[in-house]
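Fit chain Y to the known structure of chain D by using the hints.
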Amino acid sequence: MNSKLVSRNVLLFAAAIFIASCGTATFTKTGSDATIESLRNFELAFIDQFAVPGKKFNAAAFNAKVNEGNAKFQQAIADEKFTARRPVLVNLKGQFDADAAHLQSKASRGKITPALATEMKNDVNKTYDHALGR
Amino acid sequence: MPSAGKPKRKKHKKSELDSALGQISDESIAATKEEFQDLLSQAKGDTSELIRQNAEELERRLVLLKKRKIDKEDFDFFVENQKRDLRVFIDSQPAQQQERAEKLTLRVLEIAAKVAIALI
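Chains as they are written, first to last, in our numbering: chain D, 18 to 151; chain Y, 311 to 430.
Careful, some of the hints might be misleading.
Claimed, not checked - Here chain Y is said to cover these stretches of chain D; the calculated rule only asks that three of the stretch's residues, wherever they fall, bring their Cβ under 8 Å from a Cβ of chain Y:
#1 106-118
#2 121-135
#3 139-149
Since the hints were derived computationally from the structure, they do not count as laboratory data.
Note that CB positions come from ideal geometry on N, CA and C, so glycine has one too.
With the rest of the complex left out, here is chain D (with noise of 0.2 Å):
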């Protein structure tokens, strides 16, 4: 009688564990996702901002938003809870550095086209929704 209650506990016991890890896996990954979109808006805030065909380069304005950017980057991959999505993360990164080195080279040479920034914008939507696994 008493061992079926001491492993009816352990059985409940474990369940209430489990059930309480996948609570934190589940809000983690929530906080995980809210950092991805954030990192989103920004690279997209940074398109919109530096590539307008006709304005003039403000190499100054530029690289102050490039290190926001690399400072950002960074802290959220320093932050990543779960180690597997480390990579991911690098990746947008690695998509962040080839976005901006293509952005100076075109807009200190006036060479910003209303397509080029829209395509950009398309290629980054499609690597964030790919990293959120949509």
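Chain Y only, in chain D's frame:
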């Protein structure tokens, strides 16, 4: 009841890219162009959404390049973006499907770079 007459052949409407590719007169890339058109057509009809999406993006960007709305630097930049994104997808495919996925994505992108030069 189905009609017993001549089978109706569905007319394939020529896309903007087909018309642009038709204008390429350089005979030295005729085989490359043919391979590109064949692979792109397979990719556009593939069951994988990502392969179809990649083909559609590539087609759209080749048309933008032809219309000079983007330049070759932009085109190459987008091709590299697409490759970076696709490598993750290909690695996640079962071994027996990797070769096909690679052919319909990375290979198409590689040939597209050659076709793009002839297009402008």
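Now the hints, each set against the structure:
1. 106-118: holds (count 4)
2. 121-135: Coverage by chain Y holds here, the residue count being 7 at a Cβ distance below 8 Å.
3. 139-149: This one holds; 5 residues, not fewer than the three required, reach chain Y with a Cβ under 8 Å.
Checked against the numbered hints above, the structure violates none of them.
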